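Here the protein sequences come in this chain order: Z and P.
Residues 1 to 360 in UniProt numbering are what the first sequence lists, from first letter to last.
Residues 1 to 360 in UniProt numbering are what the second sequence lists, from first letter to last.
Hints listed in this document are in silico derivations from the structure and should not be mistaken for laboratory results.
Given the structure is predicted, the values throughout are model-derived calculations rather than measurements.
There could be a bad hint or two in this list.
Unchecked claim - Derived DSS-like pairs: lysine-lysine, alpha-carbon spacing no greater than 27 Å straight-line:
no.: 1; chain 1: P; residue 1: Lys198; chain 2: Z; residue 2: Lys185
no.: 2; chain 1: P; residue 1: Lys185; chain 2: Z; residue 2: Lys185
no.: 3; chain 1: Z; residue 1: Lys298; chain 2: P; residue 2: Lys82
no.: 4; chain 1: Z; residue 1: Lys82; chain 2: P; residue 2: Lys285
no.: 5; chain 1: P; residue 1: Lys185; chain 2: Z; residue 2: Lys298
no.: 6; chain 1: Z; residue 1: Lys198; chain 2: P; residue 2: Lys82
no.: 7; chain 1: P; residue 1: Lys185; chain 2: P; residue 2: Lys119
no.: 8; chain 1: Z; residue 1: Lys198; chain 2: P; residue 2: Lys198
no.: 9; chain 1: P; residue 1: Lys185; chain 2: P; residue 2: Lys285
Number of protein chains: 2
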Amino acid sequence: MATAGTADSGSTVPTGTSSIRRMAPAEMPGSSSTTQSMKKTIGHRGVETTTGETTYKKTTSSALKGAIQLGIAHTVGSLSQKAERDVLMQDFVVVESIFFPSEGSNLTPAHHYSDFRFKTYAPIAFRYFREMFGIRPDDYLYSLCNEPLIELSNPGASGSIFYVSSDDEFIIKTVQHKEAEFLQKLLPGYFMNINQNKRTLLPKFYGLYCVQAGGKNIRIVVMNNLLPRIVPMHLKYDLKGSTYKRRASLKEREKAVPTYKDLDFIQDLPEGLLLEADNFNALCKTIQRDCLLLQSFKIMDYSLLMGIHNLDQASRERERGGAASGDRVVLEGPVTPDQRRPQAQKSLYCTAMESIQGGR
Amino acid sequence: MATAGTADSGSTVPTGTSSIRRMAPAEMPGSSSTTQSMKKTIGHRGVETTTGETTYKKTTSSALKGAIQLGIAHTVGSLSQKAERDVLMQDFVVVESIFFPSEGSNLTPAHHYSDFRFKTYAPIAFRYFREMFGIRPDDYLYSLCNEPLIELSNPGASGSIFYVSSDDEFIIKTVQHKEAEFLQKLLPGYFMNINQNKRTLLPKFYGLYCVQAGGKNIRIVVMNNLLPRIVPMHLKYDLKGSTYKRRASLKEREKAVPTYKDLDFIQDLPEGLLLEADNFNALCKTIQRDCLLLQSFKIMDYSLLMGIHNLDQASRERERGGAASGDRVVLEGPVTPDQRRPQAQKSLYCTAMESIQGGR
Numbered sequence: 001m002a003t004a005g006t007a008d009s010g011s012t013v014p015t016g017t018s019s020i021r022r023m024a025p026a027e028m029p030g031s032s033s034t035t036q037s038m039k040k041t042i043g044h045r046g047v048e049t050t051t052g053e054t055t056y057k058k059t060t061s062s063a064l065k066g067a068i069q070l071g072i073a074h075t076v077g078s079l080s081q082k083a084e085r086d087v088l089m090q091d092f093v094v095v096e097s098i099f100f101p102s103e104g105s106n107l108t109p110a111h112h113y114s115d116f117r118f119k120t121y122a123p124i125a126f127r128y129f130r131e132m133f134g135i136r137p138d139d140y141l142y143s144l145c146n147e148p149l150i151e152l153s154n155p156g157a158s159g160s161i162f163y164v165s166s167d168d169e170f171i172i173k174t175v176q177h178k179e180a181e182f183l184q185k186l187l188p189g190y191f192m193n194i195n196q197n198k199r200t201l202l203p204k205f206y207g208l209y210c211v212q213a214g215g216k217n218i219r220i221v222v223m224n225n226l227l228p229r230i231v232p233m234h235l236k237y238d239l240k241g242s243t244y245k246r247r248a249s250l251k252e253r254e255k256a257v258p259t260y261k262d263l264d265f266i267q268d269l270p271e272g273l274l275l276e277a278d279n280f281n282a283l284c285k286t287i288q289r290d291c292l293l294l295q296s297f298k299i300m301d302y303s304l305l306m307g308i309h310n311l312d313q314a315s316r317e318r319e320r321g322g323a324a325s326g327d328r329v330v331l332e333g334p335v336t337p338d339q340r341r342p343q344a345q346k347s348l349y350c351t352a353m354e355s356i357q358g359g360r
Numbered sequence: 001m002a003t004a005g006t007a008d009s010g011s012t013v014p015t016g017t018s019s020i021r022r023m024a025p026a027e028m029p030g031s032s033s034t035t036q037s038m039k040k041t042i043g044h045r046g047v048e049t050t051t052g053e054t055t056y057k058k059t060t061s062s063a064l065k066g067a068i069q070l071g072i073a074h075t076v077g078s079l080s081q082k083a084e085r086d087v088l089m090q091d092f093v094v095v096e097s098i099f100f101p102s103e104g105s106n107l108t109p110a111h112h113y114s115d116f117r118f119k120t121y122a123p124i125a126f127r128y129f130r131e132m133f134g135i136r137p138d139d140y141l142y143s144l145c146n147e148p149l150i151e152l153s154n155p156g157a158s159g160s161i162f163y164v165s166s167d168d169e170f171i172i173k174t175v176q177h178k179e180a181e182f183l184q185k186l187l188p189g190y191f192m193n194i195n196q197n198k199r200t201l202l203p204k205f206y207g208l209y210c211v212q213a214g215g216k217n218i219r220i221v222v223m224n225n226l227l228p229r230i231v232p233m234h235l236k237y238d239l240k241g242s243t244y245k246r247r248a249s250l251k252e253r254e255k256a257v258p259t260y261k262d263l264d265f266i267q268d269l270p271e272g273l274l275l276e277a278d279n280f281n282a283l284c285k286t287i288q289r290d291c292l293l294l295q296s297f298k299i300m301d302y303s304l305l306m307g308i309h310n311l312d313q314a315s316r317e318r319e320r321g322g323a324a325s326g327d328r329v330v331l332e333g334p335v336t337p338d339q340r341r342p343q344a345q346k347s348l349y350c351t352a353m354e355s356i357q358g359g360r
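Chain Z with its partners taken away, still in its complex shape (with noise of 0.2 Å):
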């Protein structure tokens, strides 16, 4: 089963984010440094010395894991208490901001962080958007907000610091301040498309948030994980349709399963993928749509993220135990939903076949 989607080419992350990278190169130092009490930085994401821990623009990964928990949790418990309502065109400019004092206030809990600001840009129109991908309330709250965020140990070379929730739903990502200003222009055209390309490729977009701390802004958006584990994939490229160095790294290919690039697709698979003749027009469709609405974003450094699951490997895997993919299940076919969730949430567990299939 071929898994297609659109990724962050600069790191091995299986998430869609290609849409907001374009701004990242201009103020992205690109070789790292040192400072007193960072050991390593790579853009602002830094190591402290005493601890080991992440940090991003000095804010330590626990405090600011605490307060996007925080901060989600008053957002969206804020918003379910407001009517429903269409979006409006004004929707999309609106950036709500609450504070955090430590001791706790009126409208907030105490907390053992700092204190701090946290904003959410556009919130009727994520809840819109949240609705359209199946995403109730309740069920982000708790993926987000009552389980713990794990911090992925291999982020990459952005700079960003990602998160996935526990349930390997969502990713966290911090994004800069110029990213989240051209994420927050492209609302509208996002609007139309996800009305118009149901079968859309990109990515999903389930929030954008900013938590100020110590006088740094700390912007973060919250997207679908695109690979979750719950569908292992055995083979995984990233596609620009490029030949320019687009081959894996050494340091990829020591992975368990690494993303490969368009020269390693060409060598491992030089027949290419077999799909049937409807899946294949309608996903060279879905392509098409998604790269003339990028264009039309003036973006143009994006790649598609494939996972391939392979049905004979995951069952001889699944008959030796699951050896291969350690204690999980390893499921083919279609994905048997966790019994809690309703069916209106079917779409995060849809496989991207099902999206390829999917209504206009």
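Given the coordinates of chain Z, assemble chain P onto it according to the supplied hints.
Just chain P now, kept in the frame of chain Z:
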């Protein structure tokens, strides 16, 4: 059966044009004036003394109709050559322009009017709107360009000229510069509304064009005819929810089926209208959603046009051989669609009640 929709309060023409009226007062001279060649003008509308023909910005109505028909035929024809694609944000500000010399050109036929230029605003966006409203390109072309446009003789106080297509489905209205500009700015919000609020009772905009002739710009908008003859209305009310000066004029009352106003409604129907609970709730919700959108557009001069088709009265009229409604067949209940039309165009014929009960 009740039919509801917003209406142009400055006119008795049953079309929902409220959202493009906001700017009108600024440009519209309130009093009539006389010029050398014109008998009487209201705004840009006048009458030629020699022929008695209506003029708009000194262009005769027949020349205007000819230019509109040639222009729309060309723009819809050339659009059908282009591949279907998604609407992008950029599409809302596109203006296509084509010159029609009277002797004809490679692209345009010869004609009997003066040279003119025809501009189409946001062609891709309006193609999408027409598709959303179930208007097939062929039918749009046929209704507007292959049959005569009929000028309405009671165009109201707005200074606009109104045409209706021979099949009574489309209304064409001249709009002023500011109104056209305003409508263009609303297009992204309009796109969002028809995607979210499927039951919207706001006017259906099918096209925005401009005829440039003799140094003048004549902008026109093509809309749905809210109360087509096919369902004869026995009572009509233009409701604003205000009681200030909201009684139909004596002149209006002289008409066969006058459009009454709020004070008349209160007097004639002190108990209001009885709607089934589901319809009542759906209608209230839709009006709320429409009003929220109008408010977001900063439009406050709008009204609800309500038509009442009395089944008993229609039945009696039919028994009397349709005497009360001329030689037209009077229909009731679900409207029987013209056999020539495909199912896709259903929405054209849908009564507002179906619209009220329709999908979210």
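Do the hints match the structure? See the list:
1. Restraint check for P:Lys198 and Z:Lys185: the C-alpha separation of about 26 Å stays at or below 27 Å, so the hint holds.
2. Restraint check for P:Lys185 and Z:Lys185: the C-alpha separation of about 17 Å stays at or below 27 Å, so the hint holds.
3. For a cut-off of 27 Å, the pair hint linking Z:Lys298 to P:Lys82 stands: about 22 Å separates their Cα positions.
4. For the hint linking Z:Lys82 to P:Lys285, the alpha-carbon distance of about 16 Å falls within 27 Å, and the restraint holds.
5. Restraint check for P:Lys185 and Z:Lys298: the C-alpha separation of about 22 Å stays at or below 27 Å, so the hint holds.
6. With a C-alpha separation of about 22 Å, the suggested pair Z:Lys198 and P:Lys82 falls inside the 27 Å cut-off, and the hint holds.
7. Proposed proximity of P:Lys185 and P:Lys119 is supported: the alpha carbons are some 17 Å apart, at most 27 Å.
8. The straight-line distance between the Cα atoms of Z:Lys198 and P:Lys198 is roughly 17 Å, inside the 27 Å bound, and the hint therefore holds.
9. A threshold of 27 Å between alpha carbons decides the hint, and for P:Lys185 with P:Lys285 the separation of about 26 Å falls inside it, so the pair holds.
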